[in-house]
Amino acid sequence: ETGVTQSPTHLIKTRGQQVTLRCSSQSGHNTVSWYQQALGQGPQFIFQYYREEENGRGNFPPRFSGLQFPNYSSELNVNALELDDSALYLCASMYAGATDTQYFGPGTRLTVL
Amino acid sequence: GQQLNQSPQSMFIQEGEDVSMNCTSSSIFNTWLWYKQDPGEGPVLLIALYKAGELTSNGRLTAQFGITRKDSFLNISASIPSDVGIYFCAGFAYSGAGSYQLTFGKGTKLSVIP
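From first to last, the protein sequence lines stand for chains A and B. At position 100 of the first sequence the residue is numbered 100 (our numbering), and the sequence of numbers has no breaks. At position 70 of the second sequence the residue is numbered 70 (our numbering), and the sequence of numbers has no breaks.
So here's chain B without its partners, still in its complex pose (with noise of 0.2 Å):
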């Protein structure tokens, strides 16, 4: 089956610095996803790339789309204490009959010291 590497697994970084991470597959995906969770509650939608080569921005988050369609980088520019949490690079892939299926990496869990 599909399955996404994510490193790092885990980060330690000072309040003002930038932070990457990436996720390759071994498959082909539609769309890349990054989502980040915090402890007891689901994954929130950071950002979401649809075209190969896409480099899409969302305030201090920077992600983009490779080319192959096979890897995805996320960088967080000027860290904030708040950016503490895990982090999930997700692959959409259509998989026939009308099914959307959601493949997850392991997570980077990031900790930020002030």
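So here's chain A without its partners, still in its complex pose (with noise of 0.2 Å):
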């Protein structure tokens, strides 16, 4: 087990919608990443914050936002969803500074109607 947590394990929402994922860092971790995979795919990088805010952005609109905890709790936001977002949303925590090394979680997987 990594000590990463996500929930809820699936959602499944309608186009439109706006929906709300959270994850749970490992302990002692001060930087988390989002992750994107869509069937028969590997992770696409969303974002990734450290200490509270935002440093990394892959090609993803807006529309998907972001928050970290002072607990290094952590949540990922979609607004206006679309049928594409159908994927396995991943989160991934690390020590920045240390060895350079991501622990995942189990992901949730969000099916759009």
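Quick caveat, the hints were computed from the structure, so don't treat them as lab data.
Here are the simulated SDA-like cross-link-like pairs (lysine to any residue), alpha carbons at most 20 Å apart as the crow flies: (1) B:Lys109 x A:Ala38; (2) B:Lys106 x A:Ala87; (3) B:Lys106 x A:Asp84; (4) B:Lys70 x B:Leu55; (5) B:Lys106 x A:Leu39; (6) B:Lys106 x B:Asn22; (7) B:Lys70 x A:Thr101; (8) B:Lys51 x A:Thr101; (9) B:Lys106 x A:Gln41; (10) B:Lys106 x A:Arg109; (11) B:Lys106 x B:Ala93; (12) B:Lys109 x B:Phe73; (13) B:Lys109 x A:Leu39; (14) B:Lys109 x B:Glu17; (15) B:Lys109 x A:Gln44; (16) B:Lys106 x A:Tyr103; (17) B:Lys109 x B:Gln14; (18) B:Lys109 x B:Arg60; (19) B:Lys109 x A:Ala87; (20) B:Lys106 x A:Gln44; (21) B:Lys70 x B:Asn30; (22) B:Lys106 x A:Ser86; (23) B:Lys109 x B:Val84; (24) B:Lys106 x A:Asp85; (25) B:Lys106 x A:Asn59; (26) B:Lys109 x B:Asp18; (27) B:Lys109 x A:Gln41; (28) B:Lys106 x A:Ala38; (29) B:Lys109 x B:Pro39; (30) B:Lys106 x A:Gly58; (31) B:Lys109 x B:Ile86; (32) B:Lys109 x B:Gly40; (33) B:Lys106 x A:Gly40; (34) B:Lys51 x B:Thr68; (35) B:Lys106 x B:Leu45; (36) B:Lys109 x A:Gly40; (37) A:Lys13 x B:Gly40; (38) B:Lys109 x B:Ser7; (39) B:Lys109 x B:Asn22.
Reassemble the complex: the two chains are provided individually, in unrelated frames, and hints are given to aid placement.
Written out as structure tokens, the structure reads:
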């Protein structure tokens, strides 16, 4: 086990709705990243948070946003859901400045109808 | 942007055989990581490589970080049924402003025939 937890496990939404996914990082980790994994693909980097601020972003539109809290838990918010947003959403935590290694949670499976 | 080319896409092997998969990139990475993902779960770290030329083992797994820092391979010796899954290579690059971005390959799906 990596110590990274995510909730909920599964979620079904309809197009146009908004969704919030949650992640609890491994103890002592100050950096969290979120990834989107479409079926049959590798994870794609959405963004990274360090000390409650976004400090890196992949090719995702602004309707993908996030928060990191002082206890290093975090949220991924997606507005105006589209069918293509259906995917496994993964969070990964690390301690910036230590070895460059990220540990993943089990993911949240989002289905948009 | 950075892309990782991972091959083969899928493999069917007999139990006990050795397996080899590799990843190449058009860009240099600071770190190469190999993950295994089972259905419905997140990727689990298998091996991390931090220096060009580094060869690292973890039980039956061996991985190497290419000298050019643009490639890596993973070998699995004497495969067993629980090796079934999808293996991903991932390159870690520091992209400035304290941001570490992990770029993944598309995965190698391994099937082991008992």
